[in-house]
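These protein sequence lines are chains A and B, in that order. Take the first sequence: its position 237, counting from 1, is numbered 237 in my numbering, and each next residue is one higher. Take the second sequence: its position 235, counting from 1, is numbered 235 in my numbering, and each next residue is one higher.
Do not take every clue at face value.
Stated by the list, open to error - Here are the simulated PhoX-like pairs of lysine-lysine, each with C-alpha atoms no more than 25 Å apart in a straight line:
id : chain 1 : residue 1 : chain 2 : residue 2
1  : B       : Lys-10    : B       : Lys-69
2  : B       : Lys-149   : B       : Lys-69
3  : B       : Lys-114   : B       : Lys-57
4  : A       : Lys-313   : B       : Lys-313
5  : B       : Lys-149   : A       : Lys-313
6  : A       : Lys-26    : B       : Lys-10
7  : A       : Lys-57    : B       : Lys-26
Derived by calculation from the structure, the hints in this document are not laboratory data. Keep in mind it's a predicted model, so treat the numbers as computed, not measured.
Number of protein chains: 2
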Amino acid sequence: MATIKDIADKLGISVSTVSKGLNDAKDISENLRQQVLDTAVELGYTKKKMRTASDDKVCIFIENMDYKKADDFGYDIVLGYKQAAFRAGMSVEIEETGPDFQAAHRYESYILEKGYKAAFLVGFALGDPWMAQLGSTSVPTILLDNFIKSNPNISYIGTDSEEGIDMAIAHLVALGHEKIAFLDGSKDSMISDQRMRAYLRSISHHHLPLDPSMAVYGYFVADAAHYHVPGFLDMGVTAIVCGNDEIAEGVIASCKAEGYSVPEDISVIGFDDIPAAASMVPPLTTVRQNRLEIGKCSFMILRTLMDGVALSKNLLRPSLIVRHSTALARPRVMVRRHDSKDSVLHVNPRLYDEALKERQL
Amino acid sequence: MATIKDIADKLGISVSTVSKGLNDAKDISENLRQQVLDTAVELGYTKKKMRTASDDKVCIFIENMDYKKADDFGYDIVLGYKQAAFRAGMSVEIEETGPDFQAAHRYESYILEKGYKAAFLVGFALGDPWMAQLGSTSVPTILLDNFIKSNPNISYIGTDSEEGIDMAIAHLVALGHEKIAFLDGSKDSMISDQRMRAYLRSISHHHLPLDPSMAVYGYFVADAAHYHVPGFLDMGVTAIVCGNDEIAEGVIASCKAEGYSVPEDISVIGFDDIPAAASMVPPLTTVRQNRLEIGKCSFMILRTLMDGVALSKNLLRPSLIVRHSTALARPRVMVRRHDSKDSVLHVNPRLYDEALKERQL
């Protein structure tokens, strides 16, 4: 259990200043007071007096995502959400869920029963039982990376994939790369589709070679890489952009297994900036999703939904974190050493054709 | 100058209750207090005590849009923005602007000079002098219907055109319409492009005839209609969706001039729900942009930008307002009476091809 001293130590301020912040004293700046409150939430300080003024509570449902340790993907999302809720005088409950639990409880009944004013859904899959119920719920709800049509009580939050992929490609182009492949996540994920379109548009925008066998779907795991990387290498690519950081980790491993160095021979870029990205070998250049911001914004947008304002799509700016997995392009001789793989799932032909048409104009 | 009694009368509550709301008394509900504050802002009540606690002020720059009277398009946008700012203890200044003014003042210098914390830009055109300066400004800024790449201090707010056009087409399909034309606004407007894509996708989704001469760009004014409507009528369309309400008004006039009744022969749908839409003859069925929500959300998103959270794209849900310009489709005999017009600007071939490809999948 954290103490006032822990908060003071973390912020490098005195215990009495922390105490002022927690007790809403007038003689510290608003900015410092907010930092004290945010840190109290982060450290799990729970003195009664600090509790929220109202009994209002909101929920975050987490499926299929770790969040308890500081280097878990969901940690900052949960923290940002709690911090924003706490500033607004609301408390947050975290509920882990899954398809079985959802099949056993109706979404709206469960929310009512638990007394939540609103909910944030993280890590849900399109086929989850609750997803089908969201089209008509009256509970203010925000989803990370999933969109529900028509219902004014539901909102979608995510990171702007188009801008993120643009940043990655522009960075590679500045380093002299011309043959840039894309290993995306799973087909039929909304996020994969966004990132594939973004890749095709960006490649087209830079007048680079647009070859459908250089843009393929895999899965959102490292293992996807070894099915696709040998083919990319045969084609003579000098850079590989990945649908997320796990895929990038697999791509680096596959390049090494095939006798190529990263970044000397091949540059690799991820997406997300998971905590592990900085300690990969080499440290990964990647497009960062700011997870603390995702958490904060999600609460702020829920407030607007609770006020009856139907914000439906909300995208955060990504940023490019340049580490050591990208370098100047080294000219490569193209050698086809592998047989073509029938199992490769190429870019959706519709998206490819779109990109070709855009180029023609 | 509005009095406490005006506020009381408008809300149907007592003067003493209004007074409690304005003076932050504890014995009225938070909800009622907010209504009192919103109404005070709406009526322009300006008692000193009610002034904002801080000296923080934000700005709304308005170009090329009326906002002073309740039936002006910009009225609710300004009102919602002021109400949200007032709840947060900030005051709002309204500045009318234009290209000449912008050419004479640098954006950032002007904001600093006037002491604004943030700004909302409404009605700006892509070629405006300030637009080029927004890529690098550090002033938290939100734009209605314009997007600026990369700068984390800038955000875009608008209404979800795709969902709005979907609602319009679905309504017409339910009434039995199959040949549905689209008269869009100006080419090279981001909004026109969004709405054109949305039309093509929706027509494709409903497996209706997709004919490039049924989807054309005009201008965002009523006069655009008479160049295009005769051609649509010759093609045998039974419904015309329009890029905004002014265009729809022109379309109705052109249909009448050509001897067709709306909605008996031709159904017409607008976009925006401007105040005049309800009193057109016939009253216009249209996709509503909720302007009060646009105003409120714009301020709320500026708050997140001021907090350093880079929300970049934000879309509000539209709603379909069904009035009397749409009716059951009446089968029509197709008669070509007019010569084809060379001046007609057809759908962008790239968008049309995209739509065709999507259909093929």
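Now for the hints, and whether the structure bears them out:
1. With a CA separation close to 18 Å, the supplied pair Lys-10(B) and Lys-69(B) stays within the 25 Å bound.
2. Between the alpha carbons of Lys-149(B) and Lys-69(B) the distance comes to roughly 34 Å, so the proposed pair goes past 25 Å and is violated.
3. Restraint check for Lys-114(B) and Lys-57(B): satisfied, since their Cα atoms lie roughly 9 Å apart, inside the 25 Å limit.
4. Of the pairs offered as hints, the one joining Lys-313(A) and Lys-313(B) holds, with about 7 Å between alpha carbons and a cut-off of 25 Å not exceeded.
5. Taking the CA atoms of Lys-149(B) and Lys-313(A), the gap is about 17 Å. The hint holds against a cut of 25 Å.
6. A C-alpha spacing of about 37 Å is found between Lys-26(A) and Lys-10(B), which places the hinted pair above 25 Å, so the restraint is violated.
7. Only pairs whose Cα atoms come within 25 Å are accepted, and Lys-57(A) paired with Lys-26(B) is accepted, the gap being roughly 22 Å.
The structure shown violates the earlier hints numbered 2 and 6.
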